[in-house]
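J.: Please model the entire structure based on the sequences and the hints provided.
The residues making up each chain are set out below.
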Amino acid sequence: MATGTFAESGADLELVGIHKRFPGFTAIEELNLIVPAGSFFALLGPSGCGKTTTLRLVAGLEAPTAGRILLGGKDVTNQKSFQRPVNTVFQSYALFPHMTVLENVAFGLRRRKMADPVEKAHEVLRLVELDHLASRRPQQLSGGQQQRVALARAIVNRPALLLLDEPLGALDLKLRRQMQLELKTIQEDVGLTFLHVTHDQEEAMTMADTIAVMNKGRIEQMGAPQELYELPRTSFVANFLGQSNLFTGPVVGTTSAGISVDVAGQKITVPVDRAHRTTGDITIGVRPEKLTLHRSKPSHDPRANVMGPGRVIDVSFSGVSTQYLVEVPGVGKLIVFAQNMTFGSEIREGDEVWLSWAIDHGFGLEDDPANAPRFSPDLDTRTIAAQHLLEEA
Amino acid sequence: MALAALSTSTAQAPADTSRKSSPVALFLLLPGILYLVLFFLTPLVSLLLTSFKAPTEFGDFGQFSYAFRWENYADVIATYWPHIIRSFGYALAATFFALIISYPLAYFIGVKARRWPLLQSLALVMVIAPFFISFLLRTLAWKQIFSDESFLVTSLKAMSLLAPDAHVTGTAFSVIFGLTYNFIPFMTLPLYTTLERLDVRYLEAGSDLYASPFHVFRKVTIPLSMPGIVAGTLLTFIPAAGDYINASREFLGGTGTQMIGNVIEANFLVLQNFPAGAALSIILMSVILVFVSIYVKKSGTEELL
Amino acid sequence: MKHSIGKWVLPAYSALALLILMIPIGYTFVYSFNDSLKSNIVWRGFTFDKWLNVCNVQNGAVCEAFGNSIFIAVVSTVAATTLGTMIAIAMVRYRFKFRSQLSLFLFLPMATPEVVLGAGLAAQFLSIGVPKDMTTIILAHTMFSISFVVVAVKARVATLDPALEEAGRDLYGSALQVFLRITFPLLLPGILAAALLSFALSFDDFIITNFNSGNVTTFPKYIWVSAARGIPAEANVIASAVFILALIIVVSVQVSGAARAKRLAKMN
Chain A
1 MATGTFAESG
11 ADLELVGIHK
21 RFPGFTAIEE
31 LNLIVPAGSF
41 FALLGPSGCG
51 KTTTLRLVAG
61 LEAPTAGRIL
71 LGGKDVTNQK
81 SFQRPVNTVF
91 QSYALFPHMT
101 VLENVAFGLR
111 RRKMADPVEK
121 AHEVLRLVEL
131 DHLASRRPQQ
141 LSGGQQQRVA
151 LARAIVNRPA
161 LLLLDEPLGA
171 LDLKLRRQMQ
181 LELKTIQEDV
191 GLTFLHVTHD
201 QEEAMTMADT
211 IAVMNKGRIE
221 QMGAPQELYE
231 LPRTSFVANF
241 LGQSNLFTGP
251 VVGTTSAGIS
261 VDVAGQKITV
271 PVDRAHRTTG
281 DITIGVRPEK
291 LTLHRSKPSH
301 DPRANVMGPG
311 RVIDVSFSGV
321 STQYLVEVPG
331 VGKLIVFAQN
341 MTFGSEIREG
351 DEVWLSWAID
361 HGFGLEDDPA
371 NAPRFSPDLD
381 TRTIAAQHLL
391 EEA
Chain B
1 MALAALSTST
11 AQAPADTSRK
21 SSPVALFLLL
31 PGILYLVLFF
41 LTPLVSLLLT
51 SFKAPTEFGD
61 FGQFSYAFRW
71 ENYADVIATY
81 WPHIIRSFGY
91 ALAATFFALI
101 ISYPLAYFIG
111 VKARRWPLLQ
121 SLALVMVIAP
131 FFISFLLRTL
141 AWKQIFSDES
151 FLVTSLKAMS
161 LLAPDAHVTG
171 TAFSVIFGLT
181 YNFIPFMTLP
191 LYTTLERLDV
201 RYLEAGSDLY
211 ASPFHVFRKV
221 TIPLSMPGIV
231 AGTLLTFIPA
241 AGDYINASRE
251 FLGGTGTQMI
261 GNVIEANFLV
271 LQNFPAGAAL
281 SIILMSVILV
291 FVSIYVKKSG
301 TEELL
Chain C
1 MKHSIGKWVL
11 PAYSALALLI
21 LMIPIGYTFV
31 YSFNDSLKSN
41 IVWRGFTFDK
51 WLNVCNVQNG
61 AVCEAFGNSI
71 FIAVVSTVAA
81 TTLGTMIAIA
91 MVRYRFKFRS
101 QLSLFLFLPM
111 ATPEVVLGAG
121 LAAQFLSIGV
131 PKDMTTIILA
141 HTMFSISFVV
151 VAVKARVATL
161 DPALEEAGRD
171 LYGSALQVFL
181 RITFPLLLPG
191 ILAAALLSFA
201 LSFDDFIITN
211 FNSGNVTTFP
221 KYIWVSAARG
231 IPAEANVIAS
241 AVFILALIIV
251 VSVQVSGAAR
261 AKRLAKMN
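Each protein sequence line maps, in turn, to chains A, B and C.
Using the working numbering, read the first sequence as starting at 1 and increasing by one per residue.
Using the working numbering, read the second sequence as starting at 1 and increasing by one per residue.
Using the working numbering, read the third sequence as starting at 1 and increasing by one per residue.
Some clues are possibly wrong.
Unchecked claim - Taking lysine-lysine pairs in the DSS-like style, the calculated list, with each CA pair at most 30 angstroms apart, reads: (1) A:Lys174 with A:Lys184; (2) A:Lys297 with A:Lys74; (3) B:Lys297 with C:Lys221; (4) A:Lys333 with A:Lys267; (5) A:Lys290 with A:Lys267; (6) A:Lys74 with A:Lys120; (7) A:Lys184 with A:Lys290; (8) B:Lys219 with B:Lys112; (9) A:Lys290 with A:Lys174; (10) B:Lys112 with C:Lys97; (11) B:Lys219 with B:Lys297; (12) C:Lys7 with B:Lys219; (13) C:Lys38 with B:Lys157; (14) C:Lys262 with A:Lys174; (15) A:Lys216 with A:Lys267; (16) A:Lys333 with A:Lys297; (17) B:Lys298 with B:Lys219; (18) A:Lys74 with A:Lys184; (19) C:Lys97 with A:Lys80; (20) A:Lys216 with A:Lys184; (21) C:Lys221 with B:Lys112; (22) A:Lys216 with A:Lys333; (23) C:Lys38 with C:Lys221; (24) C:Lys97 with B:Lys298.
To be verified - Label pairs and their in silico Cβ distance ranges: (25) B:Ala205 with C:Val78: 45 to 51 angstroms; (26) C:Phe105 with A:Gly17: 41 to 47 angstroms; (27) C:Ala258 with A:Asp200: 35 to 41 angstroms; (28) C:Leu192 with B:Leu161: 46 to 52 angstroms; (29) A:Arg348 with B:Arg197: 51 to 57 angstroms.
Hints were generated in silico from the structure; no laboratory data involved.
Cβ atoms here follow ideal geometry from the backbone N, Cα and C, with glycine treated the same way.
T.: In structure tokens form, the structure reads like this:
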């Protein structure tokens, strides 16, 4: 039992061969995961991907069908929720409505019979800057304040591992940004291991050291945010984490520097070390902000790919950047984000354009192109709806 | 009040499918269920068994033995058919009057009075206030008010609105009046709980779409308050059909207004003809069950149960 | 012009309906001050006597009946509230086989006319030879109250976020601690409402009691028995006192609820 002592530091979390089946469906299939001590780890995925189930397994609120959960090297699979040195910040905060803020925060300390629960509760409330509201009831606080109380109530116990279940989902955009920064600061201050579950890719990228992208009960890819973004391994990651332009074609040549793929008659090169498959039909991609638009065909550059001509079919201005939609015959629609370095948009709807990008920015996916969905940028509601239908099917 | 909660008990359990049956659930359920089996279900069974009993040979008055004397049913129907028909007739009438009296009241409290929470609370307390005074005393109060020497009746006679030799108590009118009065709170509360949650924007949408106030009421308000109507009518009809206080001679009834409850009571407690009382109870219960299941199916509110 | 009259039809109607609902209450209350002799039918003048000497009439028969009613109501309320609350928690929080059948079974006692419930129990006590007394009344009242308690508490359990109990377990509370410190306090308003209802049902029940009471007299049974030869004004005193007490409880619950809602509204 972990009662009676505070965790000295964050602990490693290790999930080994976890399966979780509910009557009628499988939530998690063969999950293996290591969360290093002291890290801020995010489980990112769409709803129903198994991320919340994973969190509940770690918290001890569900039991795995198979597999083991290790915390700091110790097997906790059969420990009850209240015996684990793990605390959770719930999605709905789950603050006890019949207790004051202070009683809420002191609850866990009292259950573990820690010394000076009230003093420690005040201390952590000062950390989240809510000590002046200690005698209020949770219902009397705003959403952001409730979120901070929920966080305080969890971290006051100094758990070896703190679980965050989409705790920012209920907040409005501005408050969410602010809370993201605060959470990150607190994590660095107290040095705990954070396991954060979210479907918000931006939230995961700004806060986490490591992100695991989950889909259909499995981890698709795991790594540092930048790594996942720059070098996605599957089309799911390429499109769930930001947007991507993806093309599929057969490999037509391989040199020491790159492999060339024939995309509807246009030769596109990807560096060998950035491609997960090197033969047969492969899917390659590039991020929209890496593309440059040209009014005329750019002169040949061995370090760049060129695609075109295409026609601009949509231009939408969003302040910081402008998003162009370019239709290239035989290839499909491509998205381009361009920084608004000049006033107004020089390129208009209907213009003929060429696209180019540095070869180093391309990536090749691991998916078998036969199974992977063909590239379709999620631009209009109809395609998004269709994708949802596909996912549900 | 839980009576009101009856119409709102369709609240869905949280989608917490993971918690399956466990020893804890069994521990929680078993004592209560066992209690109801012992003191609700087996009594119904012994009622059924009693209804077929035959008088013990050479036995004393009021002694019966187990048998299968189905003629008990034929006998009680032959003897008491007017009481049976009267019971359901009175109960239907009382339910009908309670509904048409309660609906506007519940609509006023639940919809119109929303802007004045204090008025709403006050009216609600007034609706449930009759619960707090003894059922028997409030029924007796009406008996005094309707008695031949009362101010009300003598005035009505003086104004020639009532024949000089007419009585109010002991008539079908006074029994139905008593039943209606006593069960109005049971009707009003479920109606109130559904109407209170009625989103007035639906009504505005209705009139926006060119429906007259009457049409809005018939096509929008009534269907949306159907759960309350069903709960209220059941809560009124069932106890009214089995009631024997209002129809009793000492209260609002007379010899010609006896209901099935009165004859069950008489057979059990006075005549000691237990099989006859039991057979009548089974008849009452069966008719109500058939009536309720048809009614609930017809109104499409099965989920209420 | 026509419109402005129409606006007043519904409020006026409602006021009239509520007024009529109040008539027997007012009548009972007023006649508790009647300087009556044996029966309390004709108004004979105002007096406080009956209020001050409630128990003096008929060797305290009214008070004895009242005491019996209170005792029966307290015991059956405790029993029914405990059993019903346990069922309600299980019904909402656990999935098990025959759950929908069980919920129909729990509904049946409410759909059964009281006269059938009473007669059934009487038939059962008769066939197993149990003499009817205080115990049989308590057994009967507990039975019909359970279903009402289940309905009232179930509504409350359904609104309770399961995450609150999970948070309790997550914060090192054992199953018992979570129940005592989180589940129970949060269900308490629903449980209290159910207990009040159960008490009221038991206290005012006559039909079932009449079948199972033997020689024991409860307050409603006292009125029933006395109805033929005249009910003393003391009965009105007791009924009025109970009415006032119940009214105070309900109003204070409403007022404190409204005050809390107002306070919350001000905060946000």
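J.: Hints first: check each against the structure and report whether it holds.
T.: Each hint tested on the structure:
1. A:Lys174 with A:Lys184: holds, 16 angstroms
2. A:Lys297 with A:Lys74: violated, 62 angstroms
3. B:Lys297 with C:Lys221: Since the Cα atoms of Lys297 of chain B and Lys221 of chain C sit roughly 38 angstroms apart, the hinted pair is violated (cutoff 30 angstroms).
4. A:Lys333 with A:Lys267: holds, 17 angstroms
5. A:Lys290 with A:Lys267: At roughly 18 angstroms apart (the allowed maximum being 30 angstroms), Lys267 of chain A and Lys290 of chain A satisfy the hint.
6. A:Lys74 with A:Lys120: Holds - the C-alpha atoms of Lys120 of chain A and Lys74 of chain A are around 28 angstroms apart, at most 30 angstroms.
7. A:Lys184 with A:Lys290: Distance ~29 angstroms between Lys184 of chain A and Lys290 of chain A Cα, so the pair holds.
8. B:Lys219 with B:Lys112: holds, 19 angstroms
9. A:Lys290 with A:Lys174: holds, 28 angstroms
10. B:Lys112 with C:Lys97: violated, 44 angstroms
11. B:Lys219 with B:Lys297: holds, 20 angstroms
12. C:Lys7 with B:Lys219: Since the Cα atoms of Lys7 of chain C and Lys219 of chain B sit roughly 22 angstroms apart, the hinted pair holds (cutoff 30 angstroms).
13. C:Lys38 with B:Lys157: holds, 29 angstroms
14. C:Lys262 with A:Lys174: holds, 29 angstroms
15. A:Lys216 with A:Lys267: violated, 34 angstroms
16. A:Lys333 with A:Lys297: holds, 18 angstroms
17. B:Lys298 with B:Lys219: holds, 17 angstroms
18. A:Lys74 with A:Lys184: Holds: Lys74 of chain A and Lys184 of chain A sit about 27 angstroms apart, inside 30 angstroms.
19. C:Lys97 with A:Lys80: holds, 26 angstroms
20. A:Lys216 with A:Lys184: Holds: Lys216 of chain A and Lys184 of chain A sit about 28 angstroms apart, inside 30 angstroms.
21. C:Lys221 with B:Lys112: Measuring from Cα to Cα gives roughly 41 angstroms; hence the hint is violated.
22. A:Lys216 with A:Lys333: Holds. Lys216 of chain A to Lys333 of chain A sits at ~28 angstroms (cutoff 30 angstroms).
23. C:Lys38 with C:Lys221: Within the cut-off at roughly 18 angstroms; holds.
24. C:Lys97 with B:Lys298: At roughly 28 angstroms apart (the allowed maximum being 30 angstroms), Lys298 of chain B and Lys97 of chain C satisfy the hint.
25. B:Ala205 with C:Val78: 45 to 51 angstroms: About 49 angstroms separates the Cβ atoms of Ala205 of chain B and Val78 of chain C, which means 45 to 51 angstroms holds.
26. C:Phe105 with A:Gly17: 41 to 47 angstroms: holds, 44 angstroms
27. C:Ala258 with A:Asp200: 35 to 41 angstroms: holds, 39 angstroms
28. C:Leu192 with B:Leu161: 46 to 52 angstroms: holds, 49 angstroms
29. A:Arg348 with B:Arg197: 51 to 57 angstroms: holds, 53 angstroms
This entry does not satisfy hints 2, 3, 10, 15, 21, going by the numbered hints stated previously.
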